[in-house]
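*Asks:* Protein sequences, first through last, are from chains A and B. According to the numbering used here, the residues represented by the first sequence are 942 to 1268, in order. According to the numbering used here, the residues represented by the second sequence are 13 to 381, in order.
Hints were generated in silico from the structure; no laboratory data involved. Given the structure is predicted, the values throughout are model-derived calculations rather than measurements.
Each computed SDA-like pair below joins lysine to any residue, with the alpha-carbon atoms no more than 25 Å apart:
no.: 1; chain 1: B; residue 1: 210; chain 2: A; residue 2: 1057
no.: 2; chain 1: A; residue 1: 1092; chain 2: A; residue 2: 1050
no.: 3; chain 1: B; residue 1: 105; chain 2: B; residue 2: 144
no.: 4; chain 1: B; residue 1: 210; chain 2: A; residue 2: 1061
no.: 5; chain 1: A; residue 1: 1092; chain 2: B; residue 2: 216
no.: 6; chain 1: A; residue 1: 1116; chain 2: B; residue 2: 379
no.: 7; chain 1: A; residue 1: 1038; chain 2: B; residue 2: 14
no.: 8; chain 1: B; residue 1: 210; chain 2: A; residue 2: 1051
no.: 9; chain 1: B; residue 1: 356; chain 2: B; residue 2: 260
no.: 10; chain 1: B; residue 1: 377; chain 2: A; residue 2: 1025
no.: 11; chain 1: A; residue 1: 1098; chain 2: A; residue 2: 1082
no.: 12; chain 1: A; residue 1: 994; chain 2: A; residue 2: 1043
no.: 13; chain 1: A; residue 1: 1038; chain 2: B; residue 2: 379
no.: 14; chain 1: A; residue 1: 1071; chain 2: B; residue 2: 226
no.: 15; chain 1: A; residue 1: 1142; chain 2: A; residue 2: 1042
no.: 16; chain 1: B; residue 1: 50; chain 2: B; residue 2: 244
no.: 17; chain 1: A; residue 1: 1071; chain 2: B; residue 2: 379
no.: 18; chain 1: A; residue 1: 1071; chain 2: B; residue 2: 214
no.: 19; chain 1: B; residue 1: 14; chain 2: A; residue 2: 1060
no.: 20; chain 1: B; residue 1: 226; chain 2: A; residue 2: 1064
no.: 21; chain 1: A; residue 1: 1174; chain 2: B; residue 2: 381
no.: 22; chain 1: A; residue 1: 1038; chain 2: B; residue 2: 20
no.: 23; chain 1: B; residue 1: 226; chain 2: A; residue 2: 1051
no.: 24; chain 1: A; residue 1: 1071; chain 2: B; residue 2: 228
no.: 25; chain 1: B; residue 1: 210; chain 2: A; residue 2: 1050
no.: 26; chain 1: A; residue 1: 1035; chain 2: B; residue 2: 371
no.: 27; chain 1: B; residue 1: 182; chain 2: B; residue 2: 269
no.: 28; chain 1: A; residue 1: 1071; chain 2: A; residue 2: 1056
no.: 29; chain 1: B; residue 1: 14; chain 2: A; residue 2: 1118
no.: 30; chain 1: A; residue 1: 1183; chain 2: A; residue 2: 1145
no.: 31; chain 1: A; residue 1: 1038; chain 2: B; residue 2: 227
no.: 32; chain 1: A; residue 1: 1092; chain 2: B; residue 2: 26
no.: 33; chain 1: A; residue 1: 1098; chain 2: B; residue 2: 213
no.: 34; chain 1: A; residue 1: 1098; chain 2: B; residue 2: 220
no.: 35; chain 1: B; residue 1: 226; chain 2: B; residue 2: 365
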Amino acid sequence: MNTLKLINNPLQPGSESPLLRRGLGEAFISIQHISKSYGDVQAISDISLEVQKGELFGLIGPDGAGKTTLMRILMTLLIQDKGSATMNGFDVIKDYKKIRNMVGYMPGRFSLYQDLTVEENLNFFATVFKTTVAENYELIRDIYVQIEPFKNRLAGKLSGGMKQKLALSCALIHKPEILILDEPTTGVDAVSRKEFWEMLKNLQQKGITILVSTPYMDEATLCNRVALMQKGKVLDIDTPAKLVENYTRKLYAIRSNDMHRLIMDLRLYEKTDSAYAFGQYLHVTGKDDEVEATEFENFLMKKDHENLEVFDIQPTIEDVFMNMMNE
Amino acid sequence: MKQFIGFLRKEFLHIFRDPRTMMIIFLLPIVQLLLFGKVINTDIQNSRIAILDQSHDNTTREITSKLVSSGYFVLGEELMPGDDVEDVFRKGKVKMVVTFGPEFEKSLERDGKAEVQLLADASDPNTARILTNYASGIINDYVKKEKLQNLQLPNQINTEVRMLYNEGLKSVYMFVPGLMAMILMLISAMMTSISISKEKELGTMEVLLASPLKPIQIVLGKVTPYLLLSFINALTIILIGVFLFGVPIKGSFVFLMAESFLFIMMALSLGILISTIAPNQMVAMFISLLALMLPTVLLSGFMFPIENMPLPLRILSHAMPPRWFIVIIKNIMLKGTGILFVWKETLILMFMTFVFIALSIKNFKIRLE
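Bound-form chain A, shown alone (with noise of 0.2 Å):
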């Protein structure tokens, strides 16, 4: 039941509160054109978002979007070719200790000691930071006590949905302002993916700002505003809401008994903008969508497709990001 509460409240328009509408507050993370690049490889091109303070903030893209790229410049970690960046107001290269003290990161691989028990991994990175679990225990709370049964096991030893609390609960021990996390839910089954955004909420809640990275397209609709990103760029960035508001295309999905040879049958169609899986359809847009459902339904039929089905829908959010992938 929470779950489903969850993916209903994000953010209509209307329910943003004012410190969240553009313009208004400060922005808290900003990153102004920044480029990096490996050697011949760009990772990321011009890159320039903020993000406001106490916002719930998506990086949605497929790998090699250069997402981790650009939290690692934000972590400090890497120096960025070009551009500046700064997070409550220090910048990323000249204050890398202030920033280092006030952030907390979860990267994307699991970077816990997993010869460590869940506990003692706890209390190292409270030494660390100069605290205690006692002291902050209040903000993990909710985190901690659904591994706190296993606190003397390795962390090796837990499964991935466990490890992710746990890293969470490590990287939250200083009580950071901002909470960086690369791909936090990825190798992570649909029960605990939710539960895990579930807790960024609540987190959110308690006032610190979050820049969470994810591939799942349904994640994005539990950030406040997300950035679409791509090969190094990003496409757009707006909140969930909005950016499914401006797709005009018309959408339709379809499906037949014999799903591959549907697809293959497609996009090889004159008339097919895109086509491409989603769940149990397909979801195909037309040239110029001026194609009407009759017309695929013709088509598909002359190639003999049994228990055919065309109708419209509404986009989503990654229909959004298909769309805009393919311009």
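Given the structure of chain A, go ahead and fit chain B onto it with the hints provided.
*Replies:* Then chain B, alone, in the frame of chain A:
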């Protein structure tokens, strides 16, 4: 400080929870020492020899029994005139054949001269040399003492040989210092470099870097446990050397431990330097083993005398820290000398430590790149 203690705790947990690390640290030194001490022993003991006695008189029999009772040789075979000596060697049962010429005693008493031939299996040249040296020593000694006392020989020069600092020519005296250098190098340099590069490999370094920990805290936190463990090892090796193998400590024990401490520091800073270069555990291990251990063993004078090396290798051996350390401990343990005699070597080790630390600090990355 609390941060540092927390870090140390973590490091000790890593060490104590990894059976491989524990074995390398605590078992390897002892096993190696015992192995070198008991098995790989270059001392001559109970070597099998054959005797071909063509005289069978009192003197040859007495010499034979002197040889056999010396402890260096055992009588493997008695050969008859006409036996194929080469055949005996080919069977590989004996290392040396002692042949007494005919009428040995008579010619010795009559001419003051007699013939004895030592044939040694020089497929192992070191052993052959030592065997023949020992044997001729025993024979000469016997003849001089028992037979030539009454004879007046003109213009004779008697050479008297004494092996100072290692009268028994025991190889333990050589390998205890050598092994100590090797093991301390292995544990200090290799284990620290592996332990730091492990953090890089597993991604935990990323979290450490993104934390307020200072580089110096990370490095000291990594080094301190190994400093302690290496020191314990140095003690163990010395104790085993002294009590099991009878190696003396003629100089100051405290000074010896202080020099060991310096050497450990040097090795640790070298380990850190390696880890700043190596991206993962494999590379760290490879550099430590191939680029450090082998030259250490081969070029430090531990196994092969530096004087016999070709010039380029001799020059290279100056860059091998264990070379200097071995000189220092040999001086302290065997000769009983103090700082006055090893200040140069000590300074060299200090300089090396300084260089490694400076390079490490220069190379240590506060970021991922």
